[in-house]
Amino acid sequence: MHLDHPETYPQRYSHPSPATALSGKHPAPTSSSAPTVRPDGTRRALRIGLGGPVGSGKTATVAAICRQLRDELSIAVVTNDIYTREDAEFLLRNAVLPAERITAVETGACPHTAIRDDISANLEAVEDLEETVGPLDLVLVESGGDNLTATFSKGLVDAQIFVIDVAGGDKIPRKGGPGVSTADLLVVNKTDLAPLVGADLGVMARDARTQRGELPVAFTSLTEPDGIAPVIGWVRERLAGWTAAAA
Amino acid sequence: MTITTTAPANRAALLVLADGRFPAGGHAHSGGAEAAVAAGRLYDATSLEAFCRGRLDTAGLVAAALAAAAAAGVDPLLLDEAADARTPSPALRATARKLGRQMMRAARACWPSPVLDALAAARPRGAHQPVVLGVTASAAGLGPLDAAHAAAYEAVSGPATAAVRLLSLDPFDATAVLARLAPDLDRVAQQAVDSARLALDSDVDALPAASAPLLEIAAERHAAWPVRLFAS
Ligand SMILES: Nc1nc2c(ncn2[C@@H]2O[C@H](COP(=O)(O)OP(=O)(O)OP(=O)(O)O)[C@@H](O)[C@H]2O)c(=O)[nH]1
Ligand SMILES: [Mg+2]
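Respectively, the protein sequence lines represent chains A and B.
Sequential numbering of the first sequence, starting at 1, is according to the numbering used here.
Sequential numbering of the second sequence, starting at 1001, is according to the numbering used here.
It should be emphasised that the hints constitute simulated quantities derived from the structure, not laboratory data.
We treat Cβ as the ideally placed atom computed from N, Cα and C, and that holds for glycine.
Hints are supplied without guarantee of correctness; some may be wrong.
Simulated DEER-style distance windows between Cβ atoms [as the list claims (entries may be wrong)]: (1) B:L1078 / A:D226: 33 to 39 Å; (2) A:E131 / B:P1090: 21 to 27 Å; (3) B:P1090 / A:G213: 50 to 56 Å.
Pulled from the structure, derived: some chain A residues nowhere near chain B, Cβ distances all over 10 Å [said to hold, decoys possible]: (4) L73; (5) Y83; (6) R85; (7) G108; (8) T113; (9) K171; (10) G177; (11) R206; (12) L222; (13) D226.
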């Protein structure tokens, strides 16, 4: 007899899991393997991970998303700094969210381990936030700046954003790597700097398409008013899919 | 009830449990190595070995005994109190509970068991890690000696891995330190099982309370550092 895991793994396999096949329910539009309900049976918050090289604008993106959506959604943030609490402190200093909605996880110098190989500390941070300030609609998990191979575990987040910037060189999309080629959204940030660093946005867009196929790419400049708009549009889509799957 | 000390079944389960990649949060902790490096007490392979020996015969022995006792069936809640009593530093207590909670998550995913569920329900914020490790070992079909080995090994493998990152130490040298410590690990594990047997027949006071004051004091200081690579 084949015993299946009690949780369903939406979209992990191309065929429906026995559970969804039996219930006739559509799989959730995400690829996460984390349980999607809270202990009390209600649907938990959508979890989005943000990764990417050092200084590309992950914290600035988190801050802009929070500012834009905090009045309509209950949001919390988990940061994974490499060795400081810089990111959490930046978010606190700028009063992006109340302090009790921001948690810093310590990563033992390896953020990619904490977001991919051993996600236990991050899961606990997310669950503690749900418990203390929840129910939450959206949890943003920022990875400390890492390399092009850092990706989030499906056991931790439902979708991931990979943030690169034009100042890192317009070759980054061509180089590819798991972050650039597989993230659910690729953000190419700091487009305002493109003329200054001689980056060709057209080349970046073309290379990104080669690496990513139909997966979306957003070009942003967070120094401009409403520069975060394309990312917000994408987050709203994911949220709509998440809540629709609950109904 | 008696404790078996012969070569146990489920040997492979012990490899899974003791694997440094077992996802229970250990990677973010240095076992006091980061503080020792900053204090100038740990700076090369020789000083790493001295550090590990000291830790093994103090914190390592206590952890191994707690784990062995838990695996032997001593009440984990009593052991949790005994662990508190043997951990003067509040920072280290917090670390032990945090790691215990993380170990519990991994354990329940790997070896689901009513005993693990009961301990998780009684200590939702986490029991001391060695206690959870011991209960996990028994859920995995392992015995007290296995639990003791896993706890003792973890007491030294954590600092050795951290030293590689902190000092850019040659990884072969660091692993050779662990290999040289193997006979001592076996000795400490056996000692831990002997005391677990006493605890099973009398009470938890029979467990060792070997303490390393410098580890405790340094852990308190380390917890207050604004910038650090490891959580403890
Ligand atoms: N010009 C320009 N600067 C930006 C933009 N977005 C972010 N920055 C700046 O880039 C720097 C790094 O941004 P962060 O958001 O801290 O980057 P990060 O990816 O979180 O960095 P780490 O967490 O350290 O890896 C900061 O000084 C930001 O103000 C942008 O669109 N244009
Ligand atoms: Mg940041």
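So, going through the hints one by one against the coordinates:
1. In this structure the hint that L1078 of chain B and D226 of chain A lie 33 to 39 Å apart at CB is violated, the actual value being about 60 Å.
2. Look at E131 of chain A against P1090 of chain B: about 22 Å separates their beta carbons, and that is inside 21 to 27 Å.
3. The hint said 50 to 56 Å for the Cβ distance between P1090 of chain B and G213 of chain A, and at roughly 52 Å that hint holds.
4. Non-interface call for L73 of chain A relative to chain B: holds, since the shortest CB-CB distance, roughly 27 Å, exceeds 10 Å.
5. Not every beta carbon of chain B lies more than 10 Å from that of Y83 of chain A, the smallest distance being close to 5 Å; the non-interface claim is violated.
6. A beta-carbon of chain B comes within 10 Å of the beta-carbon of R85 of chain A; the shortest separation is about 7 Å.
7. With a closest Cβ-Cβ approach of about 3 Å to chain B, G108 of chain A is found to fall inside the 10 Å limit, against its non-interface label.
8. With a cut of 10 Å on Cβ distances, T113 of chain A falls inside the contact zone with chain B, its closest approach being about 5 Å.
9. Distance check on K171 of chain A: its Cβ is at least 29 Å (rounded) from any Cβ of chain B, clearing the 10 Å threshold; non-interface status holds.
10. With a closest Cβ-Cβ approach of about 22 Å to chain B, G177 of chain A is found to remain outside the 10 Å limit, as its non-interface label requires.
11. Every beta carbon of chain B lies more than 10 Å from that of R206 of chain A, the smallest distance being close to 39 Å; the non-interface claim holds.
12. The beta carbon of L222 of chain A sits about 26 Å from the closest Cβ of chain B, which is more than 10 Å, so the claim that it is off the interface holds.
13. No Cβ of chain B approaches the Cβ of D226 of chain A within 10 Å, the least distance being about 35 Å, so the stated non-interface status holds.
When held up to the earlier numbered hints, the structure conflicts with 1, 5, 6, 7, 8 and fits the remainder.
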